[in-house]
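Each residue of the sequence shown is one higher than the last, beginning at 20 in the numbering used here.
Since the hints were made in silico from the structure, they are not lab data.
A couple of the hints might just be wrong.
[Said to hold, decoys possible] Cross-link-like lysine to any residue pairs, in silico, SDA-like; alpha carbons within 25 Å at most: (1) Lys-123 <-> Leu-35; (2) Lys-330 <-> Asp-304; (3) Lys-302 <-> Lys-243; (4) Lys-302 <-> Ala-173; (5) Lys-280 <-> Ile-82; (6) Lys-278 <-> Glu-303; (7) Lys-112 <-> Phe-65; (8) Lys-370 <-> Gln-322; (9) Lys-302 <-> Pro-175; (10) Lys-330 <-> Lys-302; (11) Lys-134 <-> Arg-22; (12) Lys-123 <-> Ser-110; (13) Lys-112 <-> Tyr-235; (14) Lys-369 <-> Asn-294; (15) Lys-243 <-> Gln-81; (16) Lys-123 <-> Gly-93; (17) Lys-42 <-> Leu-58; (18) Lys-365 <-> Gln-322; (19) Lys-243 <-> Gly-93; (20) Lys-131 <-> Ser-153; (21) Lys-280 <-> Phe-295; (22) Lys-278 <-> Gly-356; (23) Lys-49 <-> Gln-39; (24) Lys-134 <-> Asn-85; (25) Lys-277 <-> Phe-65; (26) Lys-278 <-> Asp-291; (27) Lys-369 <-> Gln-322; (28) Lys-243 <-> Lys-369; (29) Lys-124 <-> Pro-229; (30) Lys-370 <-> Glu-318; (31) Lys-302 <-> Glu-281; (32) Lys-42 <-> Gly-29; (33) Lys-370 <-> Asp-291; (34) Lys-302 <-> Gly-331; (35) Lys-277 <-> Lys-49; (36) Lys-365 <-> Gly-331; (37) Lys-280 <-> Gln-198; (38) Lys-330 <-> Glu-303; (39) Lys-277 <-> Pro-30; (40) Lys-330 <-> Lys-123.
Remember, it's a predicted structure, so these values are computed and weren't measured experimentally.
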Amino acid sequence: MGRVYNFSAGPSILPLEVLQQAKDELLNYKSSGMSVLELSHRSRLFMEIIEESEIMLRNLLQIPTNYHVLFLQGGATLQFSMVPLNLAVQSRKIDFIDTGIWSKKAIAEAEKFAKIHVVASSTTEIPKIENWHSDADYLHITTNNTIEGTRFPAIPKTNIPIVADMSSHILSEKIDVSQFGVIYAGAQKNIGPAGLTVVIIREDLLHRTPENCPTYLHYNTHAKHRSLYNTPPTFSIYMAKLVFQWLIDQGGISEIEKKNKEKAAILYHFLDESNFFFNPVEKEDRSLMNIPFSTVSDERNEQFISECLEKGLTNLKGHRTVGGMRASLYNAMHIEGVYELVNCMKEFEKKYV
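Input sequences plus hints: build the corresponding full structure.
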């Protein structure tokens, strides 16, 4: 079988050009006689990889100089604990805007360390919070909800630092990093393969952490050692560097955002016109990356998923907690894949309406 259209929510599709370059360099990286997988993380060649990765990411997101970029492990899941360990130390209170399953997981971990206040909660729309004033240590939000298919159209204004889980839409659209105290993201959506977690943290927040915080879980440990305190996920960082370069070659974030909006608009337009398929999310809060949809019954959903698979459109089954279908349109998904999906939906609708 040739390449399929992979709509997986993660690990997700990667640019074909990136995979080809990784293939070409896999056995003998830059005439070193070693695979990139074999490079010492203290070697000159790997130091170039991690330093160039940070420079590219800073340029893509226009990260201010008073922010540190950390390349860590443990996924966003580890950050659910690491953030409160480091930051919930003054009032020992944390505010949350709960917008779905990943918010709830973050809340469950954070309440082990601090008192939790859920400011607002919704799964089909983004709660409208403006000028939020609080004595909490920070406000936590999940800016794009992979399962529910919602996305913050605007970042709340508040007097406390905002911590954002951006795992499923970082690098897909322009953001103002200065609006946040901490941004964290698992790599396996728009950055690269699983195994890497990117953390962007404002300088002043590095100094909140209590002395009894475990060394590895202390953000300042990794900031001081430039993400080389221990052996980092070297291959994942290398792949991230290739993806960053691919994004730069595409014209940067502004250009990829245009493409992502075009892709999402094609699918949403069909869903809004259809009498058979539907999307449950309020229009102004719809995700560009993760689009859940369904037919009139579970039986039809399963039939549709099966027919798509036969045509090379894979991983369309919705998350087990919500059912239905979900199309993840990450940066590397070509617009042709979206057109193929819509054509399958049109053909399927004609059969059963």
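Practice problem: Output the numbers, in ascending order, of every earlier hint that fails for this structure. | Solution: 1, 2, 3, 7, 10, 11, 24, 25, 28, 34, 35, 38 and 40
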